[in-house]
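Read off the chains here:
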Amino acid sequence: MNPQVNLQDIFYTGASSPHIRPENISIPIVMRDVLIALAPAGIAAIWFFGLKAANLMALGVLACILSEALWQKMAGGKISVEDGSAAVTGLLLALNLPPDAPWWIPLVGGVFAIVVVKQFFGGLGQNIMNPALGARAFLLASWPVQMTRWSIDGVSGATALELLKNPETEGILPSLGEAFLGQMGGCIGETSALALLLGGAYLLYRRVITWHIPTVYIGTVMLLTFLLGREGFFTANPFYEACLGGLFLGAFFMATDYATSPMTKQGEMIFALGCGILTTVIRLYGGYAEGVSYSILIMNLLVPLIDRFVIPRPFGGGYGHE
Amino acid sequence: MKRQRTFRGGIHPPHNKGCTETKQIVDLPPKREILFFPMQQHIGAPCEPLVKVGDRVLVGEKIGDSSAFVSVPVHSSISGKVEKIAPVLTPMGTKSLAVAVKNDGLYEQVEGMIPRNVDDLSPEEIRRFIREAGVVGKGGACFPTAAKLTPPPNCEIDHILINCAECEPYLTCDQRLMVEYAQGIVEGLRIVLRLFPRARGVLTLEDNKPDAIEALGNQILPGENLEVCVVKTKYPQGAEKMLIYSVTGREVPLGKLPSEVGCIVLNTRTSYQIYDIFATGRPVMSRIVTIAGGAVARPGNFRVRLGTSFFDLLDAAGGFRVKPAMVLAGGPMMGVSLISLDVPVIKGTSGFVCLAPEEDTIEEERTCIRCGRCVDVCPLGLMPYRLYLLATRRDYAGFENALGMNCMECGCCSYSCPGKLHLVQTVREGKRSVREIWKKKEREATR
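As they're listed, the protein sequences go chains A and B. All residue numbers in the first sequence are consecutive under this note's numbering, ending with 322. All residue numbers in the second sequence are consecutive under this note's numbering, ending with 447.
The set of hints was computed from the structure by calculation and includes no laboratory data. Predicted model only: the values in this text are computed from it and were never measured. Backbone N, C-alpha and C fix where the C-beta goes; we use that ideal spot for every residue, glycine too. Any given hint could turn out to be false.
[Unchecked claim] The list that follows gives simulated cross-link-like pairs (lysine-lysine, BS3-like), each with its CA atoms no further than 27 Å apart:
1. B/Lys-439 x B/Lys-420
2. B/Lys-232 x A/Lys-265
3. B/Lys-420 x A/Lys-265
[As the list claims (entries may be wrong)] So the derived list for chain A, only partly shown, Cβ under 8 Å to chain B, looks like this:
4. Leu-7
5. Pro-18
6. Ser-26
7. Val-111
8. Val-115
9. Tyr-258
10. Leu-284
11. Gly-286
12. Pro-312
13. Phe-315
14. Gly-316
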């Protein structure tokens, strides 16, 4: 470029600083990271439950992406499915379904998650409940039979948590090793603690999430379960119980959902503590054998309250300055 | 392991200092004939021109001054005739009345510029001389240094911090100064310490500048009340309040000045300047400017006379490689984006960063996904997302209540937002609106 030419005539529109933004921080990258982190759980689901798990995941993702695009087109907004958030919702929903769920369950659930739970409230970032969990609660209430058909290796039976809750139920409890690897009945994505831990570690490594929610949540459940026990104090094995049900899926992937968790780290820890207490209470004393979904949903609704009262201490003093 | 000295929050933008941090400072005489001296090169009252069109001015001659306490005079850096007195655009992004001097190339000096021995001067005389020489903070805010060195009488100053952090990406003018002129920086600090005999002098810099750390460390005599303090490389480590916290662990109370916690923070360049004015007797007439960014052919550091045109610097740097996407006065985190390139170098100009189109990474706003990153990174513990909402809703009472007016506009929130929201930009607008409301109320009250 010749410096003599029209340098005087170069004009810009002024911009407000900062003038650089990192290209490696964006919503699509966050969502991509979550999808990558869910890959081990997805592979474990196919490993343990076969192709029907793959079908459920494909249908869930498809239903979410299509319903989001369609809704945004109808509502006249910008179509933003390329940000990947709908795909994440669809995959999380599918991972929360039992292996023998009929094909239309992920479709109905996906549409409900996106349209009712997410878009009705204003779309990405505005929803007050986790869309995948909201849809799961809706499906469970509407089709309780289809939503609780558990089987593994072609043998149907109760989940480990149901067996623990009602000892008279028929079935054999998985060993600790089986529970950790995922060789047991349950939702397709929740059984393998190992796969979920791998994914969680990736999210932590990529700083998509921080340790606060998963650690406090899982820690609370383990501690409380150990303290209270199923047959009196100190009778439960906290490591074993932590591997059962949806605790790891919930703690790493659902409770950490940005939109429905508090904004501050202190708030997140209170939120996770609440999730942990509710989960343990439901598991030990409630009517359901499993309590992760409902605990997170209930705590989701308390997030605005937490965010109102748990605010960071400003540098150099408290509130009420002159 | 020793605790790394730092503050809470902050970000790690790429430094991009590589292409200039090893380049020696090059003296660059002004090429273009007319040099502009804006009357407002500092925070505070602007100066009144002391010369008329047609007057001949000399190097070092005072051409603008004001009687206000928070103000410093402006001096000519060349000799020649005053061509005109008219407003020009300054690198601060605002227009200011400026004295335009046509360079006669003789560099004839005004009389009386003789070195001063600090030992012979009283603290009052030292402050007076610093003001008369036109010294301002070189960190960007350009606060008159003499005013800064006159803290309220009830403040016991026990730390003088020299801010060598230079945490802005691309800029290396301070780093080069430290490597090449470490002695002057430390001498300047010694002069300031004469004003505060009970204070300890601390040179603070980030751990990514080992060459500067060594250069400064070599200047310190054993047993002296001086030290070099290395802090973690993190943006905005160079922000006054953050630096004080990193070094002393003290928090400057909201809405208060550093002197409240016994600290005074001066920029590296300011410290050098203080040494220089006593050693040479000359007022502030030059500075070191980094010109960098992907759009510049040969980035570098240049010592130029104040008033030198941006175009001279650009020529010295080999011109533009490509047409820049934007040209910034200062660094990319807090610098001002220029609307025209026809600007002179002023006291606060640390550099010009010319971003190539591929370095322009501003994206369209998406949406807030409530990830909480802005809250995590805010060094002041504010809630940028909430201030953003309050400002967009024009809820200015709520904005003030949420401490919006305390935002120092470092931009960490915008930088770390995955939704690409213009957080700090919106907060800045909010602050402006609140200030207008204050002014309006004041007018009504006085009516």
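Going down the list of hints, with the structure as the test:
1. B/Lys-439 x B/Lys-420: violated (32 Å)
2. B/Lys-232 x A/Lys-265: holds (23 Å)
3. B/Lys-420 x A/Lys-265: holds (21 Å)
4. Leu-7: holds (6 Å)
5. Pro-18: Check passed: Cβ of A/Pro-18 comes within 4 Å of chain B, closer than 8 Å.
6. Ser-26: holds (5 Å)
7. Val-111: With Cβ-Cβ at 22 Å, over 8 Å, it is violated.
8. Val-115: violated (18 Å)
9. Tyr-258: holds (4 Å)
10. Leu-284: violated (32 Å)
11. Gly-286: violated (29 Å)
12. Pro-312: Hint holds; A/Pro-312 Cβ to chain B Cβ min 4 Å, cut 8 Å.
13. Phe-315: With Cβ-Cβ at 4 Å, under 8 Å, it holds.
14. Gly-316: holds (4 Å)
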